[in-house]
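If you read the protein sequences in the order shown, they are chains U and F. Following the numbering used here, the numbering of the first sequence begins with 3 at its first residue and continues without gaps. Following the numbering used here, the numbering of the second sequence begins with 2 at its first residue and continues without gaps.
Take these hints with a grain of salt, some might be off.
Pairs of lysine to aspartate or glutamate, EDC-like flavour, derived with a Cα cap of 20 Å [to be verified]:
{"no.": "1", "chain 1": "F", "residue 1": "K102", "chain 2": "U", "residue 2": "E89"}
{"no.": "2", "chain 1": "F", "residue 1": "K102", "chain 2": "U", "residue 2": "E54"}
{"no.": "3", "chain 1": "U", "residue 1": "K22", "chain 2": "U", "residue 2": "D67"}
In case anyone wonders, no lab produced these hints; they're calculated from the structure.
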Amino acid sequence: GAVVSQHPSWVICKSGTSVKIECRSLDFQATTMFWYRQFPKQSLMLMATSNEGSKATYEQGVEKDKFLINHASLTLSTLTVTSAHPEDSSFYICSARDPGLAGALNSYNEQFFGPGTRLTVL
Amino acid sequence: AQSVTQPDIHITVSEGASLELRCNYSYGATPYLFWYVQSPGQGLQLLLKYFSGDTLVQGIKGFEAEFKRSQSSFNLRKPSVHWSDAAEYFCAVGGPFGNEKLTFGTGTRLTIIP
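Next comes chain F alone, as it looks inside the complex (with noise of 0.2 Å):
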């Protein structure tokens, strides 16, 4: 069975300072690895996927992710974090077609203090 562990629940940054928000992951073959972002009441924003290739993955708002197969991880980073960027953030898997159940992490809530 595919899960996703976060294991910070909860993460306050300086504003200006850099991110790093944690992902592992547990899935019989290739993963599809997916980050999203949700402001309070509101529905998931896709930030960035991995599906295959080069493992740096670049995505919206200035996030990046790193797809590490020995370590099972998939963690999204920022080198400077906006007061916008306070929100919760998922990481989930998926796999191929025939096999697109997404599996969410519990996800980190992000706090930016000025």
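Looking at chain U on its own, in the form it has when it is part of the complex (with noise of 0.2 Å):
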């Protein structure tokens, strides 16, 4: 089955850092990935949709510039928060969607998700 990994698992860091969190394809090739962000006990907020080699879009309210996205590779997309602060401590979801799948019958659309990234910003 797909597999999507995402890295670290978590993080703790400083006000004003950034970081960075990696999103991978294990097994296929993702043109598109999703980032999402979950607030404790609330459900995933779509933030962004990256495309490989093109720039992503942004759900409204989500700002850009704060939360860069890069598709460089068909397996990778990563996400830096940048100068984080505690507002910013969540955790961070990615999906990749397998064009290999679609068109076959059932299985178009779907989106497979990695375990998360928790970040916390002191």
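Using the supplied hints, reconstruct the complex from the two chains, each of which is provided in its own coordinate frame.
Written as structure tokens, this is what we have:
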């Protein structure tokens, strides 16, 4: 099955520093990856859609200069939280869509989720 | 705009009892519907999905869900829950190619009592 990994699984940083989170598709090439944010005991909110080789599309209200997304290869997307503050503390989850499944009955649109990264900003 | 409502924030069920988690959606066309489960501190695991065809879909771990277009619902059911089913459950709606963003409900936390 399609596997998506994230690194690191958790990170603690000081306020004002930047943190990079990696999302990798391990056994398939993902032209599209998605970044979500989840606050404690809340739902997932889509932050941005990352397309390989092009600029990410950010959801309304998400600061693109604060949450930098790079999708430089078909298996890797990165999210960099710049000048992190305590309010950026959250659980960040990525997902990837396998275009190889596109068009296959009952496989269309399926996203495979990573295990998430817990960010704590002190 | 698409949206998902999960009316029950928290449900407690005895082990071995049946379970139904409610999900209502709003979507302008034929929806693609999903149920995911999340254990504490973990990512999401897909339980089942509905794209088209038979409105009763079977998933993993003994779960099933029924798509009812007239009620805009996609409720998740399990005839007999196990202690390991305790987790957070999310319903999500998305669209076909070109509109694949998933919109999640707020989730239902399931507690299992002995």
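Inset, instruction - Against the earlier hints, flag every one the structure doesn't satisfy and list their numbers going up. - result: 1
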